[in-house]
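> As you go down the protein sequences, you meet chains A and B in turn. For the first sequence, my numbering gives the first residue as 28, with consecutive numbering after it. For the second sequence, my numbering gives the first residue as 451, with consecutive numbering after it.
The reader is advised that the hints may include incorrect statements.
Reference excerpt, derived from the structure (chain B facing chain A, CB under 7 Å, subset only) [stated by the list, open to error]:
hint	residue
1	Ala458
2	Ile459
3	Leu485
4	Thr526
5	Pro528
6	Ala538
Derived DSSO-like pairs (lysine-lysine); straight-line CA-CA distance at most 30 Å [stated by the list, open to error]:
hint	chain 1	residue 1	chain 2	residue 2
7	B	Lys544	B	Lys490
8	A	Lys113	A	Lys55
9	B	Lys490	A	Lys55
10	B	Lys515	B	Lys490
11	A	Lys55	B	Lys547
12	A	Lys55	B	Lys544
13	A	Lys113	B	Lys547
14	A	Lys113	B	Lys490
15	A	Lys113	B	Lys544
16	B	Lys547	B	Lys490
Computed footprint of chain A on chain B; a stretch qualifies when at least three of its residues, placed anywhere within it, have a C-beta under 8 Å from a C-beta of chain A [what the hints assert, rightly or not]:
hint	segment
17	493-507
18	515-521
Honestly, the hints are just simulated from the structure, not real lab data. A virtual CB, placed ideally from N, CA and C, is assigned to each residue, including glycine.
Here are the chains, one letter per residue:
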Amino acid sequence: MTLNSYFDYVILPILTLSVILAFIRLYKGPQIFDRVIALDLIITIGIGIITVYSIRTSQEVFLDIAMILALIAFLGTIAFSFYLEKQNHDD
Amino acid sequence: MMTDITLAILSTIGALAILFASIGILRMPDFYLRLSVTVKAATLGVGLLLICAAMTFPEVSVTTKAIAIGFFLILTAPVAAHMIGRAAYIQRVKTWKGTTLNDLEKEGQLDCRKEDF
Chain A
28 MTLNSYFDYV ILPILTLSVI LAFIRLYKGP QIFDRVIALD LIITIGIGII TVYSIRTSQE
88 VFLDIAMILA LIAFLGTIAF SFYLEKQNHD D
Chain B
451 MMTDITLAIL STIGALAILF ASIGILRMPD FYLRLSVTVK AATLGVGLLL ICAAMTFPEV
511 SVTTKAIAIG FFLILTAPVA AHMIGRAAYI QRVKTWKGTT LNDLEKEGQL DCRKEDF
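Construct the entire structure; sequences and hints are all you get.
Following this line, the structure appears as structure tokens:
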């Protein structure tokens, strides 16, 4: 069993299953905070998938996209928490 | 050959850590427990996968890039988790009924009432 087929048949399916499980929480999530951290986890797993895919195809250019995605995930979570902290519900 | 075995072991541990983070975010009963599980395990898993990428490619630029991504993740994940946890506490997200210690509750300015699950 070569390393490429190991990545294909073991590592990438595990990561895909992780994305599906996190997406169930994103769909169910009782409050918006659960959805925000589920989205953050999905983007973090996406960085891992891009890394494994760049190892698999021997293209190191994909790691640039992983870096940009990490930056976008951080900014998105910060923006969500900044505005969710300021909302007031007087109902 | 030795490098292949090391890569297989590291990537397996990383993928399993990410899988445990996903199971944790699905199965934990509380927002704070979900946050606590998710951030640490996912950061560990992605860091191990990035170490795999740094070992695979022989160029120095790829190693530098992988170290930069890992450093950025380790630096920003706790900050983001702290911000979203603070926002959730201010917005009075309920804690689990098994929570026994709440230090901010004693100060009397913020109360986070328990919910019966």
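> Each hint should be assessed against the structure and marked as holding or not.
The hints, checked one at a time:
Annotation: interface hint on alanine 458 of chain B holds; nearest CB of chain A at approximately 6 Å, less than 7 Å. Interface restraint check: isoleucine 459 of chain B against chain A, minimum CB-CB distance 11 Å, threshold 7 Å, status violated. About 6 Å separates the beta-carbon of leucine 485 of chain B from the nearest beta-carbon of chain A, less than 7 Å, and the hint is met. Using the Cβ-Cβ criterion of 7 Å, the hint placing threonine 526 of chain B at the interface with chain A is satisfied: the shortest such distance is roughly 4 Å.
Interface hint status for proline 528 of chain B: violated, as the beta-carbon distance to the closest one in chain A is roughly 11 Å, over 7 Å. Because the beta carbon of alanine 538 of chain B sits about 4 Å from the nearest beta carbon in chain A, less than 7 Å, this interface hint is met. With a C-alpha separation of about 22 Å, the suggested pairing of lysine 544 of chain B with lysine 490 of chain B holds against the 30 Å cut-off. Taking the CA atoms of lysine 113 of chain A and lysine 55 of chain A, the gap is about 24 Å. The hint holds against a cut of 30 Å.
Taking the CA atoms of lysine 490 of chain B and lysine 55 of chain A, the gap is near 22 Å; set against the 30 Å cutoff, the hint holds. For the hint pairing lysine 515 of chain B with lysine 490 of chain B, the CA-to-CA distance comes to about 22 Å; that is within 30 Å, so the pair holds. Simply put, lysine 55 of chain A and lysine 547 of chain B have alpha-carbon atoms about 21 Å apart, close enough for the 30 Å limit, and the pair holds. For the suggested pair lysine 55 of chain A and lysine 544 of chain B, the alpha carbons sit about 17 Å apart, so the restraint of at most 30 Å is met.
This hinted pair checks out: lysine 113 of chain A and lysine 547 of chain B have alpha carbons roughly 27 Å apart, not beyond 30 Å. Under the criterion of a C-alpha separation no larger than 30 Å, the hint pairing lysine 113 of chain A with lysine 490 of chain B is consistent with the structure, at around 27 Å. A C-alpha spacing of about 18 Å is found between lysine 113 of chain A and lysine 544 of chain B, which places the hinted pair at or below 30 Å, so the restraint holds. Proposed proximity of lysine 547 of chain B and lysine 490 of chain B is supported: the alpha carbons are some 23 Å apart, at most 30 Å.
With 9 residues bearing a CB less than 8 Å from a CB of chain A, the segment 493-507 of chain B meets the requirement of three and the coverage assertion stands. Beta-carbon proximity to chain A at under 8 Å applies to 4 residues in the segment 515-521 of chain B; the threshold of 3 is reached and the given coverage holds.
Hint compliance for this structure: hints 2, 5 are not met, and every other hint is.
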